[in-house]
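Trainee: Sequences and hints are given; from them, build the entire structure.
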Amino acid sequence: MFSRLLSRALLRRPLACGVLVGGALLAYVAPAQAQAWPQRAVKVLVPFAAGGNIDLMGRLASARLSEALGQQFVVENRVGGNGVIAAEAVARARPDGYTLLWASTSVIAIFPAISKVGYDPVKDLAPISLFAVAPQVLIVHPAFPAHSIPELVAYVKSQKEKLAYGGGGGPGSASNLLMALFLKRAGLEMSNVSYRGTAPAMTDVIAGHIPMMFAPISEVLPQARAGLVRMLAVSSGARSLQAPDVPAIAEGGFPGFHAVSWTGLMAPAATPRDIIDRMAMEFGRALNDPEFVAHMREAGVEPAKERGPAGFAAFIANEIPLWGEAVKVAGVTLQ
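Here my numbering is used: the first residue of the sequence shown is 74, the next is one more, and so on.
It should be emphasised that the hints constitute simulated quantities derived from the structure, not laboratory data. These figures come from a predicted structure and were not determined experimentally. The C-beta atom is built at its ideal place from N, Cα and C for all residues, glycine as well. Just to be clear, a hint being listed does not mean it is correct.
Stated by the list, open to error - Simulated crosslink set (DSBU-like; lysine-lysine; CA at most 35 Å straight-line):
| hint | residue 1 | residue 2 |
| --- | --- | --- |
| 1 | 257 | 230 |
| 2 | 233 | 378 |
| 3 | 401 | 196 |
| 4 | 257 | 233 |
| 5 | 257 | 189 |
| 6 | 116 | 196 |
| 7 | 233 | 401 |
| 8 | 230 | 196 |
| 9 | 230 | 401 |
| 10 | 230 | 116 |
| 11 | 257 | 401 |
| 12 | 257 | 196 |
To be verified - What follows is a set of in silico ranges between Cβ atoms, one per label pair, in the way DEER data are often shown:
| hint | residue 1 | residue 2 | range |
| --- | --- | --- | --- |
| 13 | 398 | 228 | 23 to 31 Å |
| 14 | 362 | 230 | 44 to 52 Å |
| 15 | 367 | 114 | 26 to 34 Å |
| 16 | 370 | 233 | 42 to 50 Å |
| 17 | 243 | 394 | 21 to 29 Å |
| 18 | 169 | 328 | 44 to 52 Å |
| 19 | 261 | 153 | 29 to 37 Å |
| 20 | 114 | 346 | 18 to 26 Å |
| 21 | 234 | 358 | 52 to 60 Å |
| 22 | 331 | 223 | 30 to 38 Å |
| 23 | 328 | 383 | 21 to 29 Å |
| 24 | 347 | 220 | 48 to 56 Å |
| 25 | 125 | 390 | 53 to 61 Å |
| 26 | 191 | 404 | 20 to 28 Å |
Mentor: Written as structure tokens, this is what we have:
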């Protein structure tokens, strides 16, 4: 059943905003208010364009909720302002469970630390559940002399001139901020070469124009398997199941180093708790479903461990200062 649902979600990824996902099956019997919800389609705002991993995860999650709750969860790609427009729209929406945000690292933890936004990610949005997490990978050109984090640190320190690194996606991107955070903790200085996105930056690593960068594991794996780049370490606190032979940065002399990209579902702050709990329960079921999880891993992500409203809230409470520190270290100025 779900494999067919996944196929439909994958086929619809490139379509325009407002694509409907899922279908009606059995509804779950819950407390009184949640029993009356949902009575109509639920809108899920995805802050980025169709086709990327954030969009795909939003569609998979929405399809699962449609199947479980008996109403369509409509994915709307509300792009603009680095995701801020979608987050502001949900923060201001009626808290009735019919307008939701497919949240990500950038709209909750990064851009509120960089720019003045029209919402407070903690006060104006209610966490439902974290959904998926994915590490970034520190990649180098195959000919780069260092083969471990300690060797990398020693090599960079030995150079008379600063080495460069690629910042895919601009100064406020997760890859750029992650590199700045790593360099700070390692006591290193390198020059940032900023790119419009991950692809052009990785192209220059492959060509040998820049020696290294951080990039999402889903985008790195095909290049690494082809021998075009070498994976030095992952940014998660432990090794990734996607690349179990690649050590974590924490193993290379930086205990506690942990920074991942993530997605999850949020609602306007005053949304009734029974509605939130109902969706969180369905997420829990999905993330315990081996077939569902297998499809997530095919897309380069792992099911989140910090589930439900309380788990997601605690996760966000750690993420905001982590990425806030990265913004300060990188010197990204407020606008």
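Trainee: Next, verify each hint and record whether it holds.
Mentor: Status of each hint after checking the structure:
no.	hint	result
1	257 / 230	holds (13 Å)
2	233 / 378	violated (44 Å)
3	401 / 196	holds (23 Å)
4	257 / 233	holds (18 Å)
5	257 / 189	holds (25 Å)
6	116 / 196	holds (21 Å)
7	233 / 401	holds (26 Å)
8	230 / 196	violated (43 Å)
9	230 / 401	holds (23 Å)
10	230 / 116	violated (51 Å)
11	257 / 401	holds (11 Å)
12	257 / 196	holds (31 Å)
13	398 / 228: 23 to 31 Å	holds (25 Å)
14	362 / 230: 44 to 52 Å	holds (47 Å)
15	367 / 114: 26 to 34 Å	holds (28 Å)
16	370 / 233: 42 to 50 Å	holds (43 Å)
17	243 / 394: 21 to 29 Å	holds (22 Å)
18	169 / 328: 44 to 52 Å	holds (45 Å)
19	261 / 153: 29 to 37 Å	holds (35 Å)
20	114 / 346: 18 to 26 Å	holds (22 Å)
21	234 / 358: 52 to 60 Å	holds (55 Å)
22	331 / 223: 30 to 38 Å	violated (18 Å)
23	328 / 383: 21 to 29 Å	holds (27 Å)
24	347 / 220: 48 to 56 Å	holds (53 Å)
25	125 / 390: 53 to 61 Å	violated (26 Å)
26	191 / 404: 20 to 28 Å	holds (24 Å)
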